[in-house]
Amino acid sequence: MKELKELIRDPKILLGMIVVPLIMFPVLGGVMSYSVQSAQERAQRATLLVVNNDEGNWSDFLINFLNVSARISVESNIVLDNDTAMELLAEYNSTQLLEIPMGFGENMIEHVNVNPNVTAAVKFYGVFVGVSIFENMGSPIDRFVYDFNRLLAPDVLKAEKSTIIKGEIISGVDPATLSSILFSQTIALPITIMILLTYSIQIAATSVAMEKEEKTLETLLTLPMDRLSILAGKLSGSIFVAGVGALAYMIGYNYMLGAVTSAIPAEAGIDLAALGLVPSLLGYLLLGISLFVALLSALALAVILSAFAEDVRGAQSLVGFIYPLIFLPSFALMYVDIGTLPFAFKIVLYAIPFSHPTIASRAVIMGDYLTAAFGIVYVSAFTIGVMYAASRFFATEKILTAKLKFKGLRRRRKTPVEEF
Amino acid sequence: MQKILIIVIVLCTKLVDWRIKNMSVAVEAADVVKVFGEIRALDGLSFTVETGEIFGLIGPNGAGKTTALRVVSTLLLPTAGSVNVFGLDVVDRASNVRQIITYLPEEAGAYRNLSGWEYLEFMARFSAKSKDESRGMIKEAAEITGLGERLKDKTKGYSKGMKRRLLVARALMNKPRLSVLDEPTSGLDVLHAYHVRDIIKRYVKEHDVTVLLSSHNMLEVEHLCDRVALLNKGKIVALGNPQELKEKYESANLEEVFAKVVKLA
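Sequence order for the protein chains is G and U. As numbered in our numbering, residues 1 to 420 make up the first sequence, in order. As numbered in our numbering, residues 1 to 265 make up the second sequence, in order.
The reader is advised that the hints may include incorrect statements.
[Unchecked claim] Under 8 Å between C-beta atoms, here's a sample of chain U residues computed to sit facing chain G:
| hint | residue |
| --- | --- |
| 1 | T74 |
| 2 | L76 |
| 3 | L77 |
| 4 | G81 |
| 5 | G109 |
| 6 | Y111 |
It is worth saying that the hints were derived from the structure and are not from the lab. Using N, Cα and C, we set each Cβ at its ideal position, and we do this for glycine too.
From just these sequences and the hints, can you work out the full model?
Below, the structure is given as structure tokens:
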């Protein structure tokens, strides 16, 4: 009962552990629900571009069949290569292309009249737009093939799937499979970022609060040492410990992921590096810098916040206010592509510095270094601002006297906080 | 040109050192006011500490002793008035002041996961100019603490008295120009308190250290300090040599002096 009273009456715990999650998760739910809905709407509105290179009765039959359940546009007699495919898709503002190749009709006739082992193939090309769990749910091709075969005969039609990655047709790679493989891999990064930032924040906050709790701060502040050096020491110590922790975590996670994926049969031998879907050296560098500046900004924020606490417990409750800023973008970007979100949400996510490492990780895979660089510049500016505020804070007596007084604020009356 | 510049800088530094060494006034506080919200912790506090003396601030809880020592140690900024330490303003030249002082807070702790020895090593690094000097400081500090082999243990296992001895040693080991000690014998038993007082006296005499300290214990201050200032409600109500004060107020000890002065005030 005593413990319950202690916890419930502590406004920092109440806010950090109860009120914040009550707000954060509904917001997250709203974002995800919006993303699912908009992905479904886009799938319904999407145009399937059909290139008819056969022009027989059977190809007309297939086009009419497609026309019943999908929005289609038809072009005829075009030899498809990388450039023509991209031009056509751009012209029709589409990301999916179905080619009815020459000989399709003959194969259909042969299957129906002579040899049921002969199948008629169509070629499907899907543009790879990025990793997002909801984006590939609208791919209609498997449903068409299934319905068509049910109507006529089993295994009469099959689709040879290809993916267009960065303007290049990669034959034999199913866009949906690729997306799901990449999804399982890229989900690791937001989780790593989340854990790394949470650990570091805890360490930095504890390191400052311990000085207060153990009564060593006053001695430290009277040593012949620049206050900025004290701050830098706290930050670098936290970065080092958090870095070692993150490394241990990533090694462990990698082994776990390896164990899981080795149990799954290799999906048509998809080699992500050969497809250009692994960050380049520059990409890794940008990603590293992005993560580092985000880490610095989180630590500086934690140091400032924890300076308002009297002890370690208070500091850990106070840094609880930073967690929604870490969890929200990590969870949201794990499932949703930022480009598909409403404008206001985009602004909010771009404004949160901890979104940028995840955004950068997606961008560098697609070769979009500008987005990653923009994130680094923004987070660096934010970090410099917070570090400046932190160093100013450390240079004044507020580091000793500052204390968040919830009761005082509620009563709108200042109470002295200093022992003298 | 570069050489001349270096020579000028070195000469200036030497000149400042010489000036500090030869100053007769260690601390000069003039009309110091410190306000926390609605409370005036210091209310026009003025006093002077001469070089090489032990000066005590005494008074009851809440008199402003700790606040005064924190202002002198550059931890708090005075709301009004000025404080100079060896001619250096504690606000404008705080970093210079920190180079010549040490401060022992009343409720100080040591880093719990460091051993006593490691703690002294860490602290020596800030003032020692060479490894030899650092080693010398630590050796001397180890003697002051009297902790012997226990210095190798982590400080989290120390008793309050052991920790206090370690911290007093830290405050004196680099022989600062001014050592500001807030309740230096707090938490120590009679024997260890006697030992610490003896060390403070020895350092002042042998190493030209000036000490500004505070204490509740007026009898202790009587034996230790060359001069004392009696503080009440942020103001000095009496100042002088303990013997002179006792004679002036016809009292047997400083406690009686304080009681009479407060009544008169």
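Hint by hint, here is what the structure shows:
1. T74: At 6 Å from the nearest chain G Cβ, U/T74 passes the 8 Å test, so the hint holds.
2. L76: The hint holds - U/L76 has a Cβ within 8 Å of chain G, the shortest such distance being about 5 Å.
3. L77: holds, 6 Å
4. G81: violated, 15 Å
5. G109: Holds: closest Cβ of chain G sits about 4 Å from U/G109, inside 8 Å.
6. Y111: holds, 6 Å
The structure fails to meet hint 4 from the earlier list, while all remaining hints are met.
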